[in-house]
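Enquirer: In case you want the letters, here they are:
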Amino acid sequence: MASRFPLLMGACLLIFGLAVLAGVFWGTAAITWPERIAILTGLGEAPRGLTMIVWEWRLPRVVAVALIGAALALAGVLMQTALRNPWADPYLMGLSSGASAAAVGAIIWLPASITDTLGVPVIAFLGAALAFSMTLGLSTRRGRPLDPLIVILAGIAVSLMFQSLTAFFLYLGDPHATRSALGWLMGTAAGTQWGEVPMLVVGLALVAVPALRAAGDLDSTLLGDERAQALGVRTERLRLAVFVGTVLLTGLAVSVAGIVGFVGLIVPHMARLLTGARHRVLIPLAMVLGGTILVLVDLLCRVLLAPEELPLGVLLALFAAPPFIYILRSVTRAA
Amino acid sequence: MNSRSGVAALALPLLVAAGLAHADPVTVDGCYGPYTYDTPPTRAITLNQQATEVMLALGLEDAMVGTAYIDVAVPAEWLDAYTSVPVLAERYPALEVVLAAEPDFLFAGFGSAFSEDNLGEASGWQDRGVGTYLVDASCRAFHPEDTPLTFAPILRDIQVVGQIFGVEDRAAALIAETEARLQAIQSASNGNGQTAFIYDSGDDTPFSIGCCGGPALLASTVGLESISADLPGQWVDLAWERVVAADPDVILLIEADWSTAAEKRAYMENDPVLSELRAVRDGRFVTVPFSQTLLGMQFANGVETVNAQLATLE
Numbered sequence: 001m002a003s004r005f006p007l008l009m010g011a012c013l014l015i016f017g018l019a020v021l022a023g024v025f026w027g028t029a030a031i032t033w034p035e036r037i038a039i040l041t042g043l044g045e046a047p048r049g050l051t052m053i054v055w056e057w058r059l060p061r062v063v064a065v066a067l068i069g070a071a072l073a074l075a076g077v078l079m080q081t082a083l084r085n086p087w088a089d090p091y092l093m094g095l096s097s098g099a100s101a102a103a104v105g106a107i108i109w110l111p112a113s114i115t116d117t118l119g120v121p122v123i124a125f126l127g128a129a130l131a132f133s134m135t136l137g138l139s140t141r142r143g144r145p146l147d148p149l150i151v152i153l154a155g156i157a158v159s160l161m162f163q164s165l166t167a168f169f170l171y172l173g174d175p176h177a178t179r180s181a182l183g184w185l186m187g188t189a190a191g192t193q194w195g196e197v198p199m200l201v202v203g204l205a206l207v208a209v210p211a212l213r214a215a216g217d218l219d220s221t222l223l224g225d226e227r228a229q230a231l232g233v234r235t236e237r238l239r240l241a242v243f244v245g246t247v248l249l250t251g252l253a254v255s256v257a258g259i260v261g262f263v264g265l266i267v268p269h270m271a272r273l274l275t276g277a278r279h280r281v282l283i284p285l286a287m288v289l290g291g292t293i294l295v296l297v298d299l300l301c302r303v304l305l306a307p308e309e310l311p312l313g314v315l316l317a318l319f320a321a322p323p324f325i326y327i328l329r330s331v332t333r334a335a
Numbered sequence: 001m002n003s004r005s006g007v008a009a010l011a012l013p014l015l016v017a018a019g020l021a022h023a024d025p026v027t028v029d030g031c032y033g034p035y036t037y038d039t040p041p042t043r044a045i046t047l048n049q050q051a052t053e054v055m056l057a058l059g060l061e062d063a064m065v066g067t068a069y070i071d072v073a074v075p076a077e078w079l080d081a082y083t084s085v086p087v088l089a090e091r092y093p094a095l096e097v098v099l100a101a102e103p104d105f106l107f108a109g110f111g112s113a114f115s116e117d118n119l120g121e122a123s124g125w126q127d128r129g130v131g132t133y134l135v136d137a138s139c140r141a142f143h144p145e146d147t148p149l150t151f152a153p154i155l156r157d158i159q160v161v162g163q164i165f166g167v168e169d170r171a172a173a174l175i176a177e178t179e180a181r182l183q184a185i186q187s188a189s190n191g192n193g194q195t196a197f198i199y200d201s202g203d204d205t206p207f208s209i210g211c212c213g214g215p216a217l218l219a220s221t222v223g224l225e226s227i228s229a230d231l232p233g234q235w236v237d238l239a240w241e242r243v244v245a246a247d248p249d250v251i252l253l254i255e256a257d258w259s260t261a262a263e264k265r266a267y268m269e270n271d272p273v274l275s276e277l278r279a280v281r282d283g284r285f286v287t288v289p290f291s292q293t294l295l296g297m298q299f300a301n302g303v304e305t306v307n308a309q310l311a312t313l314e
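Protein chains in written order, with our numbering: chain A, 1 to 335; chain B, 1 to 314.
Quick caveat, the hints were computed from the structure, so don't treat them as lab data.
C-beta atoms are modelled at their ideal positions from N, C-alpha and C, and glycine is treated no differently.
Incorrect hints may appear among the rest.
Which stretches of chain A does chain B cover? Using the computed rule of at least three CB atoms under 8 Å from a CB of chain B, they are [said to hold, decoys possible]: (1) 22 to 33; (2) 52 to 60; (3) 184 to 191; (4) 303 to 311.
With the C-beta cut set under 8 Å, the calculated list includes, among others, these residues of chain A facing chain B [to be verified]: (5) Gly-49; (6) Arg-179; (7) Arg-280.
Isolated chain A (complex conformation) (with noise of 0.2 Å):
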């Protein structure tokens, strides 16, 4: 397994590359292939509105959801393994509910200035940080280890409690006001600026760098807690990093986008398909897929209806299903 991976990652960042340009190079606005090459180069010349829209639109919201794809897919990876359970996704702990009742709330019921100042962002990112210490609060009773399946009960208590809650919001909101807090619902990466992708690089940095480090402790935790712990893991310590790390990556991926949903679920069983469940490798690929795939229904959710948009929820959620039914399958024959 070990030999392919080069050839595999290889080919995966060639597509990744690939997508990117794609991203790029189509939108709403036409743009010819000479403009387009003028633009990149910036040799010849290229009208001052498409070179703009290039440059501080389009570049800077591709790379923000290749960053939100990686980040999210390396969440998953962490929590299917952390929690030894298939299903497990950054979802499921409620973080996603959390920050979008956060955000709902904040663009409903506070004054412009106090969401303004503060940023939505930093409201979606503690409504996340909220929800994830009420599941992790439910599953823990003084010093007794988290039990993956309590976990996971309570991510799902969590967030039906902050889902129903959103929905009170929108229900009492201005009627008018709710169409800016769907986006936060379905999750778009419409109006994405340069300021926003440093944070996402750092914390993506912060949590895949040491997450490589343990790779070789991620394996033995997938032999069960017993015998990581023989092989020297300390396993409480590293789930509770990986929970950290998690709700790090959701949370910034929630304050840019809004909620992504599938993402996290479906890319590290994919990945896991092609190169196997070793954390070395499983890592950087599922982090590379996630991005590509995220780029690529971007670009679709910008083109299929030009010049309208559509959330990001509507395709993910359709082109999620078949892997999806294919990962139930396997589960259930492998049970």
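For this one, chain A is given, so just place chain B on it according to the hints.
Expert: Coordinates of chain B only, in the frame set by chain A:
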């Protein structure tokens, strides 16, 4: 007058100017089928701004027992009349509140008033002897989403409500006045075919207009060409790239409590790409209140406001 106006023609010559009365039953063929009024309603409830303002403009506040769902303050000229009528709810009232008011006529501005989770089906009310009427422009059956609106629905509402309440003379005067104002602008429009981006709300993607709604009619009346007039529907979630590619001559901002014109202008001026648009650089913005873009009593005001602002841009 089109065939839908369907008011029993027989009744017209027999009308006596004796306050609110009609000598013979009046049959109205509204959005929810025909309904016959033996006498003018005396306990009307209006829902949504446009419906309420039709009643007030015709001086029918004494025949009203409640209003509900007003978006913005009622214009000063009708404010006294408006305050004399109880407000049943900030939005759609609960069914029990409506029943308790014992209405004999329900008049709504949007079809959502008669949805299952609000007041319930209009036909059900009519079976119970309560007349219903929906603002003509909001009736999907009469005006499919992809057919451009005209002024006719505004005038038809005045005419039909005038007939139901037996105030045809007031209605005729109001129709003549409204028609004259709209035609005056049409023949002296200041848009001169300039392209315009109509900006309602939103920032990640701008919520704008398609071919066929009230704001689209307003834009075409003042001689502006919407950059999204080729899109189906009344409202669309546009991509900003379309706006940059079109580089419009004028930007029409819709002013509303939930999305102010100043906020939208500031957003465009602060975006690195949008701030480069000709209209943004040269400050070629015009503003119209949301309530004046609905096909109702305030529409003529909206047309006049925008047309006057366009003149100052020249």
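Enquirer: Against this structure, judge whether each hint is valid.
Expert: For each hint, the structure was consulted:
{"no.": "1", "hint": "22 to 33", "in the structure": "holds (count 4)"}
{"no.": "2", "hint": "52 to 60", "in the structure": "holds (count 4)"}
{"no.": "3", "hint": "184 to 191", "in the structure": "holds (count 3)"}
{"no.": "4", "hint": "303 to 311", "in the structure": "holds (count 4)"}
{"no.": "5", "hint": "Gly-49", "in the structure": "holds, 5 Å"}
{"no.": "6", "hint": "Arg-179", "in the structure": "holds, 6 Å"}
{"no.": "7", "hint": "Arg-280", "in the structure": "violated, 38 Å"}
Against the hints set out earlier in the document, a violation occurs for number 7 only.
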